[in-house]
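Got chain D; can you put chain G on it based on the hints?
In order, the protein sequences belong to chains D and G.
Under this note's numbering, the first residue of the first sequence is numbered 707, with each subsequent residue one higher.
Under this note's numbering, the first residue of the second sequence is numbered 233, with each subsequent residue one higher.
Hints listed in this document are in silico derivations from the structure and should not be mistaken for laboratory results.
Being a predicted model, the structure only gives us computed values, none of them experimental.
Treat the hints with care, since some could be wrong.
[Stated by the list, open to error] Covered stretches of chain D, going by a simulated chain G footprint (3 or more residues, C-beta under 8 Å): (1) 724-738; (2) 754-760; (3) 786-799; (4) 865-871.
[Stated by the list, open to error] Heads up, simulated SDA-like pairs for lysine to any residue below, C-alpha to C-alpha not over 20 Å straight-line: (5) D:Lys839 with G:Lys877; (6) G:Lys727 with D:Ala737; (7) D:Lys866 with G:Ser567; (8) G:Lys852 with D:Tyr862; (9) D:Lys866 with G:Met573; (10) G:Lys877 with D:Ile931; (11) G:Lys727 with D:Ala739; (12) G:Lys395 with D:Pro754; (13) G:Lys395 with D:Gln758; (14) G:Lys724 with G:Glu712; (15) G:Lys483 with D:Ser880; (16) D:Lys866 with G:Met570; (17) G:Lys760 with D:Ile761; (18) G:Lys727 with D:Pro754; (19) G:Lys846 with D:Leu868; (20) D:Lys866 with G:Pro857; (21) G:Lys569 with D:Leu868; (22) G:Lys378 with D:Gly765; (23) G:Lys406 with D:Tyr766; (24) G:Lys852 with D:Leu868; (25) D:Lys866 with G:Tyr262; (26) G:Lys724 with D:Ser738; (27) G:Lys877 with D:Ala923; (28) D:Lys866 with G:Gln558; (29) G:Lys724 with D:Ser981; (30) G:Lys378 with D:Pro754; (31) D:Lys762 with G:Gly759.
For each residue, glycine too, the CB sits at the ideal point set by N, CA and C.
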Amino acid sequence: MLRFILRRLLQAIPTLLGVLTLTWFLFFGTASAESIARRNLSSKDPTPAQVQGWIKEHGYDQPPAVQLRKATVDMLMFKFGKSDATKEDIWTRIRQGAGPSIVVSSTIFIGTVFGAILVAVLAAAFRGTYIDKTTTIVCVLLMSVVYTVYVIGGQYFLSKQLRYGPIWGFDPSSGLIKYILVPSAIGFAAGIATEIRLYRTFLLDEINQDYVRTARAKGVSETRILAQHVLKNALIPIITNTVAVIPGLILGGLLLENFFGIPGLGSYLFEALGSNDFSVVRAMVFLGTLLYICGLIMTDIAYAIVDPRVRID
Amino acid sequence: MTLRIKVPVAITALAAAMAISNIGCTNNPYPAGESKRNVHYLNFGEDPKSLDPTFSFTTVESNVLDVITPSYFRYHYLQQNPVRLVLNLGAKEPQRTRTADGGEVWTFTVRKDLRFSNDVCFPDSKGRAITAADFIYAWKRMADPKIGYPLTGVFEDNVIGWKEYAAAFSQDRKGMADPNYDKPFPGVTADPSDPYTFSIHLKRPYPQLRFIMAMHHTTPQAREAVEHYNDEYARHPVGCGAYKLTSYTPKQRLVLERNENASPDLYPTEGDPGDREAGLLDDAGKQLPLTDTLVFDMVRESTSSWNLFLQGYLDETTLNANNFQQAMASNGMLSPKMQEMGIELRRAQQSAVYYILFNMKDPLWGGYTPEKRKLRQAVSLVLDSQEFIDLALQGNGTPAQWMLPAGIFGYDKDFKHPYRVVDIERAKKLIAEAGYPGGKDPKTGERIVMNIDCAAITAAARTQYGILKRQIERTGIKVEIRSTPGSIFRDKLIKGSHQSILYGWFADYPDPENFVFLLYGLNSGPGKPNYAYYVNPEYDKLFEKVRDMDDSPERLTLLNQMRDMAIEDSAWIPFYHPEVVTMSHSWVTNTKVHPIARDTLLYRKIDNNLRAQKQAEWNKPVWWPLFAFFSIAVAGAIPAIIVVKRRVNRKLRAGGGAS
Chain D
707 MLRFILRRLL QAIPTLLGVL TLTWFLFFGT ASAESIARRN LSSKDPTPAQ
757 VQGWIKEHGY DQPPAVQLRK ATVDMLMFKF GKSDATKEDI WTRIRQGAGP
807 SIVVSSTIFI GTVFGAILVA VLAAAFRGTY IDKTTTIVCV LLMSVVYTVY
857 VIGGQYFLSK QLRYGPIWGF DPSSGLIKYI LVPSAIGFAA GIATEIRLYR
907 TFLLDEINQD YVRTARAKGV SETRILAQHV LKNALIPIIT NTVAVIPGLI
957 LGGLLLENFF GIPGLGSYLF EALGSNDFSV VRAMVFLGTL LYICGLIMTD
1007 IAYAIVDPRV RID
Chain G
233 MTLRIKVPVA ITALAAAMAI SNIGCTNNPY PAGESKRNVH YLNFGEDPKS
283 LDPTFSFTTV ESNVLDVITP SYFRYHYLQQ NPVRLVLNLG AKEPQRTRTA
333 DGGEVWTFTV RKDLRFSNDV CFPDSKGRAI TAADFIYAWK RMADPKIGYP
383 LTGVFEDNVI GWKEYAAAFS QDRKGMADPN YDKPFPGVTA DPSDPYTFSI
433 HLKRPYPQLR FIMAMHHTTP QAREAVEHYN DEYARHPVGC GAYKLTSYTP
483 KQRLVLERNE NASPDLYPTE GDPGDREAGL LDDAGKQLPL TDTLVFDMVR
533 ESTSSWNLFL QGYLDETTLN ANNFQQAMAS NGMLSPKMQE MGIELRRAQQ
583 SAVYYILFNM KDPLWGGYTP EKRKLRQAVS LVLDSQEFID LALQGNGTPA
633 QWMLPAGIFG YDKDFKHPYR VVDIERAKKL IAEAGYPGGK DPKTGERIVM
683 NIDCAAITAA ARTQYGILKR QIERTGIKVE IRSTPGSIFR DKLIKGSHQS
733 ILYGWFADYP DPENFVFLLY GLNSGPGKPN YAYYVNPEYD KLFEKVRDMD
783 DSPERLTLLN QMRDMAIEDS AWIPFYHPEV VTMSHSWVTN TKVHPIARDT
833 LLYRKIDNNL RAQKQAEWNK PVWWPLFAFF SIAVAGAIPA IIVVKRRVNR
883 KLRAGGGAS
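So that you can see chain G by itself, here it is in the shape it has in the complex:
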């Protein structure tokens, strides 16, 4: 009885399951029909830690924040050779005046047509007009030690009264009171006669302030918003940019919509040579932004995001080593399949440098005597950047001759680092001269060891360190890769107990000072960025001059002197400048990459009809395996059902016969 009804029941259940799955079965991760709207789909691999403009720092955070909270300056999107600052919220170029005591005052005048986006923190939820006071408020927050402005070290010794102001905040908090933000900040002052003007007072000239004024830290901030949202402000920034944040589910999704209160902003009408031909000026003069909505989905696994991109559900993506091999044909071009899909690939050099550094405090590898220098120079001579780039980075990089990447003042494309040619014989000779013939310590007869410290190793990093080890060991020296968890690795750097590391630096702003300060003596110490612990008074003297200078032939000469000095000491071995590889679909245009600016999503354009059409074309479910699976299962069960039925019937018949 039960068996007899089982077959029809199973068939009905199967049919019902099919019906349900036919309704629900789509691999489109977004609500039905949404892709037809003017939405730009993006992903990030890690959640923004904070979207508080004063605190945020990472690329991920900046990509979101820079379109919400713009600043006085911005980078010209198209003119990148060299990169150029243009006014954004600023009404005119700042005025710089020297003071009698060697300091400098910068006076900024902001646009009068700025408003915050509508938000519940304002009366009637209407965004109010912005004045210089909101810029000054942002600077007060930068000085507040509790908020954690990442570049505090740059300003605390230079902005007048910064340290005292910061200390007062801490004092307020000790008394458990709310910090007093009404107190005037002597370093950043308002102009009593003009509510749209403010000044920054410095103890010594700091030309790089222009670049700081292009970062989201200096965006005008609404005190109402900070006080209304409190800790939640980190997930609820309020700005005056082209977009406003409308929904944020941490670790899941972040949605930005066009800000109706944004001031008029137009697509640039001039570009670099070649931009017009590339279609980058087709939208010249149009109102920005070109897309209504930006959706950032947080896809942690790179496999997942890559597959989403291939299905057309992400409009663009960056490539890692695994995806890269899938995407490329052996000739270094995009694979035919990707070309057929209309995918476009772009490589862009980042304003960054990777390098090997030695800890100058290390008894074996550190030190400033000619012998010690020779030891480090020898390592420099056997490191083959090009081989490393080809094998470990799939060719996405440029060998570095010195810290400064292309596009930064002081970069010289013809400069050749004297110890950055591969010359194993010369390296061996230098090691012998350093007192270790054949790479061996004559006292013990053992090979000397170079320890490379690193954070816990991923598969990709294992390849990289493997290559380094093999290259350096060609000199006879022994190389040990000391891998530790990230937190312990950082502890080592801070305490200076590392020996050598492979490390990278990404520019905060396009000025050589932001690179050469990494070897400044006063920057060595716990938590300071000079992890080589390199101290050279002559270098420091030149650095202090270069830091305070505007670009000029004189500055260039000094930069070159510093370079030559540091190269002789070889505390740093410049290794390579990384490239970022991004891909986008045929329906995305205006995709030029900017080496510094993070607000480039303002210019992106999406052809939503083409996208919807391609998505439908690429994502039809394949049903036959499911049918095949069930058919086999059902067909396989039939003989067994017959056998058992027969068995049951036989027993029944036997029982009947007995009675």
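So that you can see chain D by itself, here it is in the shape it has in the complex:
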């Protein structure tokens, strides 16, 4: 197992390098260092000396090879440096932003997984009845709505019309629940339908297995079959499916955070993209890639743990 993890981590390095190189090219392919300098310097017209000074200070005057090395190797060493726009230490900001992001996105994540399992089990139990059909129709309807509409519409109805939570803000010292209630409800509504449909399929796959028929033949009650045998086996694909998402919870939601003023990493990246802050963008892209790779590795490990038939080495 250890060897497997190590091997996968080593394999991650070329992937990370590739992503970082691509980011660098995309960034400097669209904007010159000079225009980034001007943008970050001031809203007025900076003098050429100031522009050159800024470029020099941030190391964008060095030959591309050196810059590329800095943009990639330093990242791998977790040397994120300071923001181009605000000179803030990027690590500090990431640490500050991770908390709010995790709070909101893990609430959504846990709510969605458990809610979806509950509804999927109900739909499977009542398969073929109007409950199953209604669930399917509602799920398809929910899945057809664009995410932006959830965020804007959800904010309008839940925060503005029904006044269940603040439209904007995040201040853990004055009660966390009120700030995350509405964003979580929105994330929940936006994400649950897909999961329900997926889990229902997993459950129905199991329900048609031979062991279920045997259990029924032995006189086990329908409820017990579902709760004990079917759900347990259907959890294997469910777990492996969800574990991949866990590391990404740190990054939070770009749009949701932006609309509700949650000072997480999602809005940090959003801002950095808006202000051409390359040093922040590359750190966040690096972090995102790394977490994604971690998610994939964790999926593999989770497989081995929950399914005794799978062995890795």
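Quick look at chain G alone, frame taken from chain D:
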């Protein structure tokens, strides 16, 4: 079994959820009870880039900084017609003396009762007394190229020794040493006999220095603070103003509290005609500021900030096009709902101008020959400012006849720009005379194209450019809107590869020089503000005179000559002067808008009891939809539960019968 307990469990869970939500369910974004305190809630749409007084420039930054770091002068809050500078940290009017070589020395004397706010950067965290040395230190920082003082271009050629001083800083840094701030700056000197006096030495007269001395860049700065906070100084300004910064979470919230070390400062006792009737002098003579705490929340989405305002959680807000339509009734008045809520709306013309400019280096649209002029004059003749203002800006603007907005010396309300009347026939005639009858190039038979460059287009901007295109195409000319990302757009301007743009200029200070310099020949070039690349030696000669003069009838004559000259060339088509629309709730008073000053929050007054009462009244949660939702879900499930139960029981009975 499981099914049987599910119903009670579900009901308990529902009840628990309701109980939790009843505790947590409030849409008040602030800690409970805070609104009852003397706090003023504001928002900004973008984070301040930096609160370093030497670097900061934007309106957002100034709104925060100008109440923390005041300067020698300030603008009189109420007397705005015309705007007027009054002493703030200064003890007396500066003395100006001409030198033998045509230069000028300004001598400033500062108040003796000034102290910095208490801060950990000082011994025992007690703010120390301020002397002229702190003002001089600020000027040294302005000259330091690394910090990026935005108006360097104004001073580097005029303040004695500026360039050399700046170069020495760069030299210090090359040797990896800390820059030497102890070295005397020949351009800004101390008076050895008086620690409260300093002088600024200029190579040529610069009357606008008064206005510079009212900007936060020239505020006294504490070297201890700069050295203690280093890069973090940009998020931790230390000043001697009415407020001090007590907490700042970037991109989230910024809190200013009353500064206990601030020198006495009183609400003005005189105002413009009408101010007394408007209640603006009710607080005359009171100690400033009138609110204890200013809270700036950063609400990026305008929808969010607008809704927060409507809920009463923001005391005031500015309006954009989307909100504007919601707020207004068709008769141009506030909608009845807003009136009922006691909301007040104010329009104020900004000291700014929007204009269309042509790149004079462009082979088709640039050039100084009579034909080329006629082409540009023709475009000027078909642009309908009023229509544009009505359709694209919801009426919030005034058609511009020339660069200078009202309130600036040289503005003439009776002046009519000869090519700013809509006359399509005359425009067509001019185009024909320019050699393009019917807007077509006789050589190719194709319509000539006017490219308007712009940064990436938002929905609102699309409307604006659509209107421009339609108006100009009435001449037969073809218009192309070339939209590119912001950084590429700026690159184009700097390299001069644009053809024409719609652009705006917001005054730094209320002097005509700050407008007419936009066409000064020496200001054209990479990174200089003359994006028309207009070079007219005669204009430049007049500009140099006007720049160095105090307001006088002579200055006015010269300004008018420059105007007429530039209008004939029509490198610029003055388009409109924008208005800012702000709204405030009934509990906010002293809301007069100042066209230049950004320290007006000092004068705001909040009736916190009225606010708390209105907030409670407007924000009761609506529960019935939630109950309805759960009731339907539960009621809908009951028949299915019965069906399945029956199915299970039947099977059990069948099994029992077999055995």
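Each hint, compared with the structure:
no.	hint	verdict
1	724-738	holds (count 3)
2	754-760	holds (count 6)
3	786-799	holds (count 6)
4	865-871	holds (count 7)
5	D:Lys839 with G:Lys877	holds, 19 Å
6	G:Lys727 with D:Ala737	holds, 14 Å
7	D:Lys866 with G:Ser567	holds, 19 Å
8	G:Lys852 with D:Tyr862	holds, 15 Å
9	D:Lys866 with G:Met573	holds, 16 Å
10	G:Lys877 with D:Ile931	holds, 15 Å
11	G:Lys727 with D:Ala739	holds, 14 Å
12	G:Lys395 with D:Pro754	holds, 13 Å
13	G:Lys395 with D:Gln758	holds, 16 Å
14	G:Lys724 with G:Glu712	holds, 16 Å
15	G:Lys483 with D:Ser880	holds, 19 Å
16	D:Lys866 with G:Met570	holds, 16 Å
17	G:Lys760 with D:Ile761	holds, 18 Å
18	G:Lys727 with D:Pro754	holds, 13 Å
19	G:Lys846 with D:Leu868	holds, 17 Å
20	D:Lys866 with G:Pro857	holds, 14 Å
21	G:Lys569 with D:Leu868	holds, 18 Å
22	G:Lys378 with D:Gly765	holds, 14 Å
23	G:Lys406 with D:Tyr766	holds, 17 Å
24	G:Lys852 with D:Leu868	holds, 8 Å
25	D:Lys866 with G:Tyr262	holds, 16 Å
26	G:Lys724 with D:Ser738	holds, 12 Å
27	G:Lys877 with D:Ala923	holds, 19 Å
28	D:Lys866 with G:Gln558	holds, 15 Å
29	G:Lys724 with D:Ser981	holds, 19 Å
30	G:Lys378 with D:Pro754	holds, 12 Å
31	D:Lys762 with G:Gly759	holds, 18 Å
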